[in-house]
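2 protein chains.
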Amino acid sequence: MKYIYLAGPEVFLPEADALGHAKKQLCQQYGFSGLFPLDTEIRMADDKENLGFVISRANEGLIQQADIIIANLTPFRGPSADVGTVYELGLARGLGKVLAGYSNDQTPFLQRTFAEFGSGELHSQNSGEIHDRNGHKIEEFGLADNLMIEGGIHAAGGLFLTHDARPEQRYTDLTAFERILQALAG
Amino acid sequence: MKYIYLAGPEVFLPEADALGHAKKQLCQQYGFSGLFPLDTEIRMADDKENLGFVISRANEGLIQQADIIIANLTPFRGPSADVGTVYELGLARGLGKVLAGYSNDQTPFLQRTFAEFGSGELHSQNSGEIHDRNGHKIEEFGLADNLMIEGGIHAAGGLFLTHDARPEQRYTDLTAFERILQALAG
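Residue numbers (the working numbering), protein chains in the order written: chain D, 79 to 264; chain P, 79 to 264.
Isolated chain D, as found in the complex (with noise of 0.2 Å):
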C-alpha cells in the first residue's frame, strides 16, 4: 500500500475536515492511503514553542512517510500556488518522492499575473520583455506558475494536470486530483 500525501491549500477552508475525507476516500478508491495534513494530532505545544514549528515539524514527518505527493497548486491568495503546499512539493522532490500536482485554473502564469500586478495592456511593451507594474520581470514559458514548480514535476517524471474548475469549486474541484490518482494506478 502506497502513502500519498495531500498537500494543499485546503487546510485554510471551512470545509477543510470534509475535503480531507474526501480526498482520502479517493485514495482508497485506487488503492492508495491518502495523509492529509490535519490528520496529525498536535497536542498544543507548551509556551516554549511554536505551535506553528510544532504543525511544520509533524507535516514534514508525513511527507517523509509518504511515497507520493499529490500538490493542489490552484492559486492562492495571488496568482501563484499557497507557498506552504510549494515548499512541501520542493522538500518531496529534495527526498526523491513522486511528484504529481494539479491546479484548478487553466489562465497561462502570465496572464494571471499580469491581471493582478500589470498596468496598461499585455501587448503593449516593446522591450521585448514582459514587466509588472512595479518593473518586475514576468516569467513568459507558456506555464502555470513559476518554473520551478512546474519544471520539478517535469524533472520528476511526474504528472501535472490543468482542470477548468467553475468558480465556486475552485479549490473543492477533484476532478484533476482523480485523474492522477488513475494514471498513478494505471
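No lab work stands behind these hints, which were simulated from the structure alone. Where hints are given, some of them may not hold.
Stated by the list, open to error - Sample of chain P residues facing chain D (criterion: CB under 8 Å; computed from the structure):
(1) Leu91
(2) Phe131
(3) Asn137
(4) Leu140
(5) Val164
(6) Tyr165
(7) Phe195
(8) Gly213
(9) Leu221
(10) His232
Said to hold, decoys possible - Think about it this way: if two alpha-carbon atoms lie no more than 27 Å apart in a straight line, the pair counts; the simulated BS3-like pairs of lysine-lysine are:
(11) Lys80(P) <-> Lys102(P)
(12) Lys102(D) <-> Lys215(P)
(13) Lys215(D) <-> Lys102(P)
(14) Lys102(D) <-> Lys80(D)
Glycine included, each C-beta is placed from N, C-alpha and C at the ideal position.
Once you have looked at the hints, place chain P on chain D.
Showing chain P alone in chain D's frame:
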C-alpha cells in the same frame, strides 16, 4: 570553500545581475562562494523542450551542488515569499542542506495577509479564528509567512532574520543577508 545558493526574487528585478554580483562579493568576503541562478549558461532549448524546464533543471543542479541556501523571503507579488524561492528552500531541506532565510518586511504574516485579503477590522471577527474575505483561514502563529517556511528553517537548525528595509530598498537591502553570512562564518 563552501558553496551558498542565493535564492530570491532578485532574478525578476531590472538590476538582477548587479544584485547577484553584490551578493557573491559579500559571500567571498566571508569565505564562501555564492551561486546565483542567473550564473548558469542556458542555451536556448530546442523546440522539443520548454526553456522553463531547462532553467529549472539548472537551478536544481546549483542547489544540489551547494552546501547552504540563503533564501530572500521578502514578500513578492502578494503577502508571501516568491514561490520559486520557497520551492528551492523546500528542495534544499529535502537534500539536507544548511538553510537560512531573511525577509526585508517586518510586518507579521497575519497583518500583511489581512491588509491585502481581509475585510473590515482585524479584531472584529468573533469566531476565534481570523478569515480573509473569501472565508479562508489566516494563520495566527506570529510568524513571518506560512508556517512551513520558517518551520523548515527552524527544524533544520537554520537562521531566519527579518529587517525593516526602506520601501525603495525592499528587494535590494542586503543588511539581513550580510548578518546571515556573519553568523555562518562565525
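Verification of the supplied hints:
1. Because the smallest distance between the Cβ of Leu91(P) and any Cβ of chain D comes to about 6 Å, under 8 Å, the interface hint for this residue holds.
2. The beta carbon of Phe131(P) comes within 5 Å of a beta carbon in chain D, closer than 8 Å, and the hint placing it at the interface holds.
3. A cut of 8 Å between beta carbons decides the hint on Asn137(P): the least distance to chain D is about 7 Å, and the hint holds.
4. Violation of the interface hint for Leu140(P) is found here, the shortest Cβ-Cβ separation to chain D being roughly 12 Å, above the 8 Å cut-off.
5. Contact between Val164(P) and chain D, as hinted, is supported at the beta carbon level, the nearest pair being about 5 Å apart and thus within 8 Å.
6. Interface hint at Tyr165(P): satisfied, since its Cβ lies 4 Å from the closest Cβ of chain D, which is below the 8 Å cut-off.
7. A distance limit of 8 Å between C-beta atoms decides the matter here; for Phe195(P) the minimum to chain D is near 5 Å, and the interface restraint holds.
8. Of the supplied interface hints, the one on Gly213(P) holds, with its beta-carbon coming within about 6 Å of a beta-carbon of chain D, less than 8 Å.
9. The beta carbon of Leu221(P) is positioned within 8 Å of a beta carbon in chain D (closest approach about 5 Å), and the interface hint is therefore held.
10. With its C-beta approaching chain D no nearer than about 5 Å, His232(P) sits inside the 8 Å limit, and its interface hint holds.
11. Restraint check for Lys80(P) and Lys102(P): the C-alpha separation of about 12 Å stays at or below 27 Å, so the hint holds.
12. The hinted pair formed by Lys102(D) and Lys215(P) meets the criterion: a straight-line CA distance of about 22 Å does not exceed 27 Å.
13. Between Lys215(D) and Lys102(P) the CA atoms are separated by roughly 22 Å; this keeps the pair inside 27 Å, and the hint holds.
14. Taken as a hint, the Lys102(D) and Lys80(D) pair is honoured in the structure, with Cα atoms around 12 Å apart against an allowance of 27 Å.
Checked against the numbered hints above, the structure violates only hint 4.
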